[in-house]
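Novice: Please construct the entire structure, taking both the sequences and the accompanying hints into account.
Chains as they are written, first to last, in the UniProt record's numbering: chain S, 1 to 139; chain E, 1 to 146.
Hints are supplied without guarantee of correctness; some may be wrong.
[What the hints assert, rightly or not] Pairwise CB distance ranges, derived in the manner of DEER restraints:
no.	chain 1	residue 1	chain 2	residue 2	range
1	S	Arg80	E	His72	50 to 56 Å
2	E	Met17	S	Ala47	37 to 43 Å
3	E	Val38	S	Thr105	18 to 24 Å
4	S	Leu113	E	Gly101	33 to 39 Å
In short, the hints are calculated from the structure, not lab data.
All C-beta atoms in this analysis are idealised placements derived from N, C-alpha and C, irrespective of residue type, glycine included.
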Amino acid sequence: MSDPYPRAPSTHVPVLRLGDVLLVTLQGDLHDSTAEQLQQDIGEAIARSSVSGVVIDISGVEIVDSFLGRVLAEIAAKARLLAAQTVVAGMRPAVAITLVELGLTLPGMRTALDAQDALGMLTRQAASSRPAHARQESP
Amino acid sequence: MQTAGRVEASLPISSDMDLAWVRQHVRQTAAELGFGLVEQTKLVTAASELARNTLVHGGGGRLESVRLANGHVRGLRLTFADDGPGIPDVERALTDGYTSGDGLGMGLGGARRLVHEFSIDSGPDAGTRVTVISWTVRPPHPRGEV
Ligand SMILES: Nc1ncnc2c1ncn2[C@@H]1O[C@H](COP(=O)(O)OP(=O)(O)O)[C@@H](O)[C@H]1O
Ligand SMILES: [Mg+2]
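Specialist: So this is what it looks like as structure tokens:
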């Protein structure tokens, strides 16, 4: 918060796998190139590991402009293509208010209070949409 | 009476690293002037949109920021200037969803909604200057009517 300089561009945003959910935590001021790299990394991670959900924790993000908004929307679109749900978690109230006035909607994305809430949403949904024996049916 | 302070800063806008500097500068200055968190966030977001336009559409340029005072109310004026191709049709450029590139087309119109005063000076081959002002206390007159 009191950091007087923009954070050095993190070339790598951690993408964590929890069961069949990817958890991505965004922090600080994301440079455009970092956001684009992230979009590519997540796309590849979803394709590689066939997850059912992606949680993007933005509680550490101070602003979402139309560039980051587009990156989030494209991640969600890519996830949906691969049958995964995207949940954006922990959006700060000031960011949410600003997004509305900016006129941005985040299409194809659900929102959750925090990452834990998001994981709960995805787990409940997987439990209710999965037939009882679906786990055994693949060879 | 409205008084303009010295030019607080003049920042280059020629890389996405510079966009981060612009956001940082606007955040810090707005906080020092006493803007609330929501108003800071709106102003930083508007600045991010306009600085990116300067970079992407204008081919790079500068931000000049000036602190303002109107009685006890403080303000921040941000001018984004480039010598790029200019905007041939400003009304169309302000329309939500209009983009000449591959953006969302929400930056210019969105930035206008996020600040108290907004003006564009541009034309074909004339470069572009976008000036925005926000106050720590919302002015009594409707947005943009000065
Ligand atoms: N500084 C500028 N120089 C030239 N054209 C600009 C500038 N800023 C905005 N524009 C034009 O206005 C359009 C709309 O801008 P904006 O709403 O920010 O959408 P986007 O940047 O996503 O295209 C741009 O696509 C561009 O054609
Ligand atoms: Mg733009």
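Novice: Among the hints numbered above, which are violated by the structure, and what are their numbers in rising order?
Specialist: 2
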